[in-house]
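Asks: Now for the letters of each chain:
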Amino acid sequence: MRSLWTHKTRSLLTILGVVIGIGSVLAVVTLGASFEESVVSQFDAFDQRSVFVMANDGSTPHGPPDPGQFGLIFTEIDRQALAAMSGVERVLAEGKVPVAGLAYGEMESPYKELSAVDLAAQVLAAERFASGGVFMSGEEEAVLGATVAERLGGGTAVEIGSEIGLRYPDGTLRTVTVTGVLADQEGVFEEADGQVYVPLEPFYTTMRKSPSTAEEVRVYSALTVLVGDPRDVVQVRDRIEAHMQDESDASRLLVGSTEILVMTPGDITDQISAAFAQITTFIGAIAVVSLLVGAIGIANIMLVSVAERTREIGVMKAIGALDRDVRSLFLFEAVLVGLLGSLLGIGLGLGGGAMLVRFLFETTVTLPWDWLVVSVGVGVFVGGLAGYLPARRATKIDPVLALARE
Amino acid sequence: MLAVQTRRLGKTFRTGDLDVPVLHEVDLAVPRGAFVSLMGPSGSGKSTLLHLVGLLDTPTVGGVRLMGRDTRRLDADGRARARRDLVGFVFQSFHLVPSASALENVMLPMAFAGVSRHKRKKRAEALLEEVGLTDRVKHKPNELSGGQKQRVAIARALALDPPIILADEPTGNLDSKTSREVMTLFSRLHGEGRTIVQVTHDEEMARYGDRIIDIRDGRIVQERDRTGLVRRVRPTAEATDGPTTALGQVADVRLKREGVRP
Numbered sequence: 000m001r002s003l004w005t006h007k008t009r010s011l012l013t014i015l016g017v018v019i020g021i022g023s024v025l026a027v028v029t030l031g032a033s034f035e036e037s038v039v040s041q042f043d044a045f046d047q048r049s050v051f052v053m054a055n056d057g058s059t060p061h062g063p064p065d066p067g068q069f070g071l072i073f074t075e076i077d078r079q080a081l082a083a084m085s086g087v088e089r090v091l092a093e094g095k096v097p098v099a100g101l102a103y104g105e106m107e108s109p110y111k112e113l114s115a116v117d118l119a120a121q122v123l124a125a126e127r128f129a130s131g132g133v134f135m136s137g138e139e140e141a142v143l144g145a146t147v148a149e150r151l152g153g154g155t156a157v158e159i160g161s162e163i164g165l166r167y168p169d170g171t172l173r174t175v176t177v178t179g180v181l182a183d184q185e186g187v188f189e190e191a192d193g194q195v196y197v198p199l200e201p202f203y204t205t206m207r208k209s210p211s212t213a214e215e216v217r218v219y220s221a222l223t224v225l226v227g228d229p230r231d232v233v234q235v236r237d238r239i240e241a242h243m244q245d246e247s248d249a250s251r252l253l254v255g256s257t258e259i260l261v262m263t264p265g266d267i268t269d270q271i272s273a274a275f276a277q278i279t280t281f282i283g284a285i286a287v288v289s290l291l292v293g294a295i296g297i298a299n300i301m302l303v304s305v306a307e308r309t310r311e312i313g314v315m316k317a318i319g320a321l322d323r324d325v326r327s328l329f330l331f332e333a334v335l336v337g338l339l340g341s342l343l344g345i346g347l348g349l350g351g352g353a354m355l356v357r358f359l360f361e362t363t364v365t366l367p368w369d370w371l372v373v374s375v376g377v378g379v380f381v382g383g384l385a386g387y388l389p390a391r392r393a394t395k396i397d398p399v400l401a402l403a404r405e
Numbered sequence: 000m001l002a003v004q005t006r007r008l009g010k011t012f013r014t015g016d017l018d019v020p021v022l023h024e025v026d027l028a029v030p031r032g033a034f035v036s037l038m039g040p041s042g043s044g045k046s047t048l049l050h051l052v053g054l055l056d057t058p059t060v061g062g063v064r065l066m067g068r069d070t071r072r073l074d075a076d077g078r079a080r081a082r083r084d085l086v087g088f089v090f091q092s093f094h095l096v097p098s099a100s101a102l103e104n105v106m107l108p109m110a111f112a113g114v115s116r117h118k119r120k121k122r123a124e125a126l127l128e129e130v131g132l133t134d135r136v137k138h139k140p141n142e143l144s145g146g147q148k149q150r151v152a153i154a155r156a157l158a159l160d161p162p163i164i165l166a167d168e169p170t171g172n173l174d175s176k177t178s179r180e181v182m183t184l185f186s187r188l189h190g191e192g193r194t195i196v197q198v199t200h201d202e203e204m205a206r207y208g209d210r211i212i213d214i215r216d217g218r219i220v221q222e223r224d225r226t227g228l229v230r231r232v233r234p235t236a237e238a239t240d241g242p243t244t245a246l247g248q249v250a251d252v253r254l255k256r257e258g259v260r261p
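Residue numbers (numbering that gives the first Met the number 0), protein chains in the order written: chain X, 0 to 405; chain B, 0 to 261.
Hints listed in this document are in silico derivations from the structure and should not be mistaken for laboratory results. Idealized CB from N, CA, C, for every residue including glycine. There's no promise every hint is true.
Unchecked claim - Dumping the calculated SDA-like pairs for lysine to any residue here, alpha-carbon to alpha-carbon at most 25 Å: (1) X:Lys395 to B:Arg80; (2) B:Lys120 to B:Asn141; (3) B:Lys139 to X:Thr309; (4) B:Lys120 to B:Lys139; (5) X:Lys395 to B:Ala110; (6) X:Lys111 to X:Glu88.
Said to hold, decoys possible - Between beta-carbon pairs, the in silico distance windows are: (7) B:Gly62 to X:Ala403: 15 to 25 Å; (8) B:Asp76 to X:Val372: 30 to 40 Å; (9) X:Gly346 to B:Phe12: 45 to 55 Å.
Here chain B stands alone, though its shape is the one from the complex (with noise of 0.2 Å):
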């Protein structure tokens, strides 16, 4: 059974009288137990899909399966329930409540799946021992290292015991040894057998992941696994038309950018 599994996800914002397209049908399947990178410049529309799959955003065209559970028939109660039971976030400023201690932090997800007082604290103090931070249950987060921080994140994001963990360039902010720290824990939850989805622009703490997925200009253009191995290069309708290697793309990318147009 597929975790993740996209058809046609497409985003398309609206600036003014302009359409700016992020994502084009995107199909993205990610099995069970897998962790996957995907990986990108910034404003390649990885941050959107992960949304999107996260249902934090709605697509302007297709759909998103999770857990084989289709939602583009979901309410706005609807989806925030099935990213509760479903889905764990982590972003790259962690987003801690500022006012809350860590433990108060991991236990606010369980509050709102109505978990009661006691069993909330309980869970919380076991996913705080289990990211290392039992001595800083108490504190608050600007009484906290970046690391610990991200760490605090991660177990509020495993509060519920979601099946999927999505983390947006959840080393950002970090230093490469705290990173690869907060990588080895993430490494440690997909030995677990969690999914994870991370979204990330560096190229070693993609390789934690077991494959990766380049986006480019909204589109999926190839799939590797941690050697680097292209197992996959994914022609979409557009990139048919032009160069279809993932070098020609980021060829592509770059004219645009230089606004040539190819």
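Isolated chain X, as found in the complex (with noise of 0.2 Å):
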């Protein structure tokens, strides 16, 4: 140990091998834990109990349904279903309602569409409101999203009562009540500053031919199933796939490449945790190549070592080292700065990513507590490592021999 206090510069360069493997390991890795979270953290919004039923074009989605995006393949048919399953309370749907712009007094501006919802639709649960209230289904009322409310307002958001124009592509002028104007958000529900919510009834009118009873009925691109019990989510989901996937209307209108997806919350974030993961895993394969190489740095430089103490060696085994003694005092040496190099790595790794995760993403760094563990236990494990050859080397110096050097 005094021997590394000897010669200071070379034992740092000999750590830097280990703390530069450790530190850009464990920078990437605080970086990628932090992104994750702030990621995965959104999904928190939507109620746990939720199953989302959506359509996908064969890519998949790493993020919030967009119900616009894919097929109109779930009828009124499939929904009346889901909603008599056992376990499920209610099934909300949406779809989109095209127009061509909106009016407020003198001013009318383009806009493409309107979101018919579910007056239980997550997005305009009561705490996510600015001002005013969800609208009655069946009546003539609109909630706005924040941008859309202060864009139509000039400025000032549009105030509750007030009443605005929904033109028709066909330039039909449809008159609305404004019943609330939601908050700014954030996270997944932030494209709802942009629209305008009317309730299903009496605005969504598309309509296809369900396939099982022939007739005309209600279409929509998304659904999302409520669980009466947030323990029951994993079953009930299990039960509505096996029926979206068999027995349902959309299976028998699926196109192309298109497939069915039913999901939870847990579901989404667990994809993207996968996603995450394996990054990790890729970044930990580089790790070992750069810890491969420090080990090789410190072992070369306990070689040199022991060949510069060989006479202190055989002073020691002269004086009642055991074999043991030499080999442990080698061993405890490199250990020593696998620990070192580890906990300056982990310190300089920390200290990057959190800025790197300040200055990129702006969101609150999230440390990689298990990294950390893993970390100390690679430094020492490569230190030893390292420290073995020449350990070995130091117990097999012949004490005659080393005692005549001069």
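Got two chains here, separate frames each, mind docking them using the hints?
Replies: Here it is in structure tokens:
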């Protein structure tokens, strides 16, 4: 240990390999963990009793379900079938209503489509409102997202109770009363800022012929099932999955590579975590290489140290050191180098990672605790591994020859 | 009881295809409490004999008994333990650990023996006081004079209170005044009942011992007491074919050095 101190510069350079190896890995892992946490935590905003039923065009969506994007295949028949399942509290439907523009007072501005939703839609939960509240089903009413409300009002949000006009593509104008304005949303509900929400009844009229009943019924792009008891979510999801894949109208309306996805918020976060885990594994592989380089560095310096201290080792043997004593002396030094390296690396990695997180993503820093423990373990292991050969060589030194060296 | 006893102890070094014998089947007996000086010119094998006795080296033939204990069957750790418990080494070039203080150097053997840190420190301080270095406890070897270094080394050799002290040219790097001081210290240790075997080529230093054993060409040729009186001449197997006296052996060596075969 004393020799570590005597050769400060050399020791520092020796542990640099381990420091950089562990430091860079921890920086990236901290970055990843923080980013993952910030993404995953957004899904806490969803009611954890939800089961999302949506369509996918063949690629896997790693984000909040976007109802407008996929095929209109979930019929009213499907909705009612799901609602009748045991454990299901209610089934929320949503769809898009194409329009040409919005009018307020003298002003009229172009607008693409309204979001027709169930009045129990999660985006319309009471705590999300800046003012007013949700509309009544069957009424000519609307709820405005924060940005839309402000744009229509010309800088200040449209007041509750005022009337706005919905211009349909065919030119007709329909007047609705604003019952509420949503607060500025973040995370998974961020897109609500630009939305105009209207009740499904009477605004949503997109119909399709049900394959099971041959009637023209409403058809939706996505359904959200709310389960009564949170503990039943997984079971209910499996039942929904089975029904949707085999017996539903949606399964018969599928075209091309489109498939039906049935997921809970937990499933979505699991998918995200799995993707991050893959990246982490990849980084881990790089780390192994860099730590190997670090280990070679330690081994190299320890061999030099053994050669330099040949006489000292000879003296120690002459005054009663067992092979075990000599071996543990060098092993201890190597392990100490590894440990110091990993501790410095952890400091460097966490510091660097935290700084990157602050400046790049502006989210809170999540510390990868498991990686900290692993890092210390790996540092000690690398040191021990690197010290083994030099320590063995030290025990093989012939004291007579060692003492004869001047 | 004999402190050191060797039976037909021999060592041959191999250099390439050449066998170089440095020690020929030596029978050495050192009684307990004796102070023996092994004398001989360089290359006579006296240091090799000391290393074999101290179990630093392994013999080609024969064996060593220390304090009555047969060491032939010991493995490396067994030899290290016997060395630690029975023998204290003092070297010509002191061989102190340069980065450690005088005190830490004396404490080192006790660390290998598993003595507690507190006891190590107390004993090391007492030993340094015994060799007259109380005021040099914290000094590093490069801050000590040759004589002081050798006294630290002697204190270190005494750390585990071994019955036998082996000294390899302990005054070889010291001036004559300091040499006498160091030898006086050895005499004192001898007086306290320790067995001392020293290797030297200095007749004056050899006479501090109560017995002088002359070695030539890897053989013990004679034993003297400190007055110089030859007590025993030992003919060896090869020597019986040629000159049998010590004088004859010396002549023999000279001839060999000049490259003339007798």
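Asks: Against this structure, judge whether each hint is valid.
Replies: Against the structure, the hints come out as follows:
1. Proximity of Lys395 (chain X) to Arg80 (chain B) is assessed by CA-CA distance (about 17 Å); at most 25 Å being required, the pair is judged to hold.
2. Distance check on the hinted pair: Lys120 (chain B) and Asn141 (chain B) sit about 21 Å apart at the alpha-carbon level, within 25 Å; holds.
3. Of the supplied pair hints, the one linking Lys139 (chain B) and Thr309 (chain X) holds, its CA atoms being roughly 20 Å apart against a limit of 25 Å.
4. For the proposed pair Lys120 (chain B) and Lys139 (chain B), the alpha carbon gap of about 16 Å is at most 25 Å, so the pair holds.
5. Proposed proximity of Lys395 (chain X) and Ala110 (chain B) is supported: the alpha carbons are some 21 Å apart, at most 25 Å.
6. Among the hinted pairs, Lys111 (chain X) with Glu88 (chain X) is inconsistent with the structure: their alpha-carbon atoms are about 33 Å apart, more than 25 Å.
7. For Gly62 (chain B) and Ala403 (chain X), the hinted distance range of 15 to 25 Å is satisfied, since their beta carbons lie about 24 Å from each other.
8. Here the CB-CB span from Asp76 (chain B) to Val372 (chain X) is close to 36 Å, well matched to the stated 30 to 40 Å.
9. The given range of 45 to 55 Å is respected by Gly346 (chain X) and Phe12 (chain B), whose C-beta atoms sit roughly 54 Å from each other.
Checked against the numbered hints given earlier, the structure breaks only hint 6 and satisfies all the rest.
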